[in-house]
Amino acid sequence: MIEVERLEKSYGFARALKGISFAVAKGEVIGFLGPNGAGKSTTMKILTGYLLPSGGRASVAGHDVVQESLAVRRCIGYLPESTPLYAEMRVDEYLRFVADIRGVASAKAPSAIARAVELCGLSRVTGKNIVELSKGYKQRVGLAQAIVHEPPVLILDEPTSGLDPNQIVEVRKLIERLGQEHTVVLSTHYLQEVEKSCTRVIVVHQGQIVADGTHQQLCAQRPAKGLRVVVRGAEPAVLATLRAALPGQAIDVAERAADRTTFRIASGAEAPAEQQVARAVVNGGFDLVELVREHATLEDVFRALTLPAGQEVAHA
Amino acid sequence: MRETLVVFRRELKSFFLSPIAYVFGILLVSVLLWYSTEPALQNGLPASAIALFGTLPFMLILFLPGLTMRTWAEERKLGTLELLMTFPVTIKQLVLGKFFAALAYLACVLVLTLGLPLTLGAYGKLDWPPVFGSYVASLLFSGAFLAVGMFWSSLTRDQIVAMLLSLVSLFALYQIGNPANVEYTVYWLPSWAIDLISAVSPHRYFLSIARGVLDTRDIVYFACFCGFFLYMNALVLHARRMKG
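Each protein sequence line maps, in turn, to chains A and B.
The first sequence begins at 0 in numbering that gives the first Met the number 0 and counts up by one.
The second sequence begins at 0 in numbering that gives the first Met the number 0 and counts up by one.
Worth flagging that the hints you see were computed from the coordinates, not collected in a lab.
The reader is advised that the hints may include incorrect statements.
Straight-line alpha carbon distances no greater than 20 Å define the calculated EDC-like cross-link-like pairs of lysine to aspartate or glutamate that follow [said to hold, decoys possible]:
no., chain 1, residue 1, chain 2, residue 2
1, A, Lys25, A, Glu7
2, B, Lys76, A, Glu273
3, B, Lys242, B, Glu182
4, A, Lys195, A, Glu234
5, A, Lys25, A, Asp63
6, A, Lys134, A, Glu67
7, A, Lys107, A, Asp91
8, B, Lys76, A, Glu254
9, A, Lys127, A, Glu92
10, A, Lys134, A, Glu92
11, A, Lys224, A, Asp299
12, B, Lys76, B, Asp126
13, A, Lys224, A, Glu254
14, A, Lys224, A, Glu180
15, B, Lys242, A, Glu7
16, B, Lys12, A, Glu131
17, B, Lys12, A, Glu80
18, B, Lys12, A, Asp258
19, B, Lys12, B, Glu37
20, A, Lys195, A, Asp63
21, B, Lys12, A, Glu87
22, B, Lys242, A, Glu149
23, A, Lys107, A, Glu80
24, B, Lys91, A, Glu67
25, B, Lys91, B, Glu10
26, A, Lys25, A, Glu180
27, A, Lys107, A, Glu149
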């Protein structure tokens, strides 16, 4: 559906994109991750036909973004960052304008608008001026304008930024529903969003793709973090018992609370089995409160890929 | 065509949804009517439609920049321009849609001044063809000034900057062709430059407005003038696609 080959974009001397390549198949929901200024928005703006690339090529639904810009624009729905809308228009007027300019036939426009309104949960506010709406509703109007012409491809630049947690959940659900019918490319800073709604993750850093794969694939690349054990009992005694029972393992105190201590045991392939640790604690006469095997999260992956070496450890 | 019409309709509607359209319209009409009837009220001189159109170019220079400053600058500031430019419309369609919407709005404002010639016609003998000609000429003038104002608006995201640049450039463009000023330049400009200036400046077409006699050359001139600035406008928008 989308093909990007060695795409480059420079703003003056600044190189925003340094030759990125990826492909998106029909029906995929792609999460674009990356720090601010990594090149996410630039890539999206090129895909929508707004910006012209400085090098490389990109195509959407078989149409080249430069040569057949208008054809590309007909295949996409776009929600730019910060959701620009005409504040003085009513919601229904605005959606009608978008349907008209997107080339929806006048006879079909009312039903197309009704569908978008229904999907985005806007029926209560269609007669209101956009300026009166809350941020969450504005965001939904932005999404409604992106889907009113039923485009095969949706490009959403930070669709949930600036929303409250309830609104984020709502918009996320909406994106999940849209993902069933459309190919979606979305950028975000919320990592849980990617875990929940995206079938694939692309991490961009300094104008280059540094990771591309499913959430599980990316997490599997990072070493496991080992075991986290919470024990009730005197800290030195527990530590001594654990060290004696698990010779050769690195055991650290991670956190101290009033009556309990959290230990972190080793990492990587060498980590001991859970039973071994549990038995050691119980046999030592202590209460085992919690025992978890920790895996690398998307957050760890993101940090490892986008923070300069050295800083990563300080944040972990 | 269809797309141009969609842009045109939205723009025209947004004119009438914003208070600036009403403030602008009422001010322009009041000032125009005041200047054309004031001599009659003060000194008992005959009120005339000529006086109405005589002050029009100057009023347009004063008022139009306030109207055109929003055209692109506001859309850029709000970010709606980016979305607009990802719709399947060409830049030409966008520019023309916005231009004709502003022109249609101005036509509505000019219609409001019809009261004066109608009154004059009712109480005296008014020669209608020149009045009609003057209205057409006024629209041509408005179009030319709109094109200049829109061009400046496309260059900045600050509406005030767009307004000031339009005001100064329109005033300069107009006054540079004023015979009094042309005479002044005789001392230090070669004659071809003076010819060029007076050919480019809309000032020489001022008389067509006041007299209501339209020439094909006038129409060609205004078409070229609008065309030039609208084309520059489109070029600026196109350049945005390189820079973002």
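Hints versus structure:
1. A:Lys25 with A:Glu7: With a Cα-Cα distance of about 24 Å, the restraint between A:Lys25 and A:Glu7 is violated, given a limit of 20 Å.
2. B:Lys76 with A:Glu273: Violated. B:Lys76 to A:Glu273 sits at ~58 Å, over the 20 Å cutoff.
3. B:Lys242 with B:Glu182: violated (44 Å)
4. A:Lys195 with A:Glu234: violated (38 Å)
5. A:Lys25 with A:Asp63: holds (17 Å)
6. A:Lys134 with A:Glu67: Violated: A:Lys134 and A:Glu67 sit about 35 Å apart, past 20 Å.
7. A:Lys107 with A:Asp91: holds (15 Å)
8. B:Lys76 with A:Glu254: violated (49 Å)
9. A:Lys127 with A:Glu92: holds (10 Å)
10. A:Lys134 with A:Glu92: holds (19 Å)
11. A:Lys224 with A:Asp299: holds (10 Å)
12. B:Lys76 with B:Asp126: With Cα atoms ~48 Å apart, B:Lys76 and B:Asp126 exceed 20 Å; violated.
13. A:Lys224 with A:Glu254: Holds, because 16 Å separates the two Cα atoms, which is no more than 20 Å.
14. A:Lys224 with A:Glu180: Not OK: A:Lys224 and A:Glu180 at ~38 Å, beyond 20 Å, violated.
15. B:Lys242 with A:Glu7: holds (13 Å)
16. B:Lys12 with A:Glu131: The hint holds at about 19 Å.
17. B:Lys12 with A:Glu80: Given that 20 Å is the threshold and the Cα spacing comes to 26 Å, the pair is violated.
18. B:Lys12 with A:Asp258: Outside the cut-off at roughly 69 Å; violated.
19. B:Lys12 with B:Glu37: Distance of about 34 Å is beyond 20 Å: violated.
20. A:Lys195 with A:Asp63: violated (31 Å)
21. B:Lys12 with A:Glu87: Holds - the C-alpha atoms of A:Glu87 and B:Lys12 are around 10 Å apart, at most 20 Å.
22. B:Lys242 with A:Glu149: violated (30 Å)
23. A:Lys107 with A:Glu80: With Cα atoms ~29 Å apart, A:Lys107 and A:Glu80 exceed 20 Å; violated.
24. B:Lys91 with A:Glu67: holds (16 Å)
25. B:Lys91 with B:Glu10: Measuring from Cα to Cα gives roughly 15 Å; hence the hint holds.
26. A:Lys25 with A:Glu180: holds (9 Å)
27. A:Lys107 with A:Glu149: holds (12 Å)
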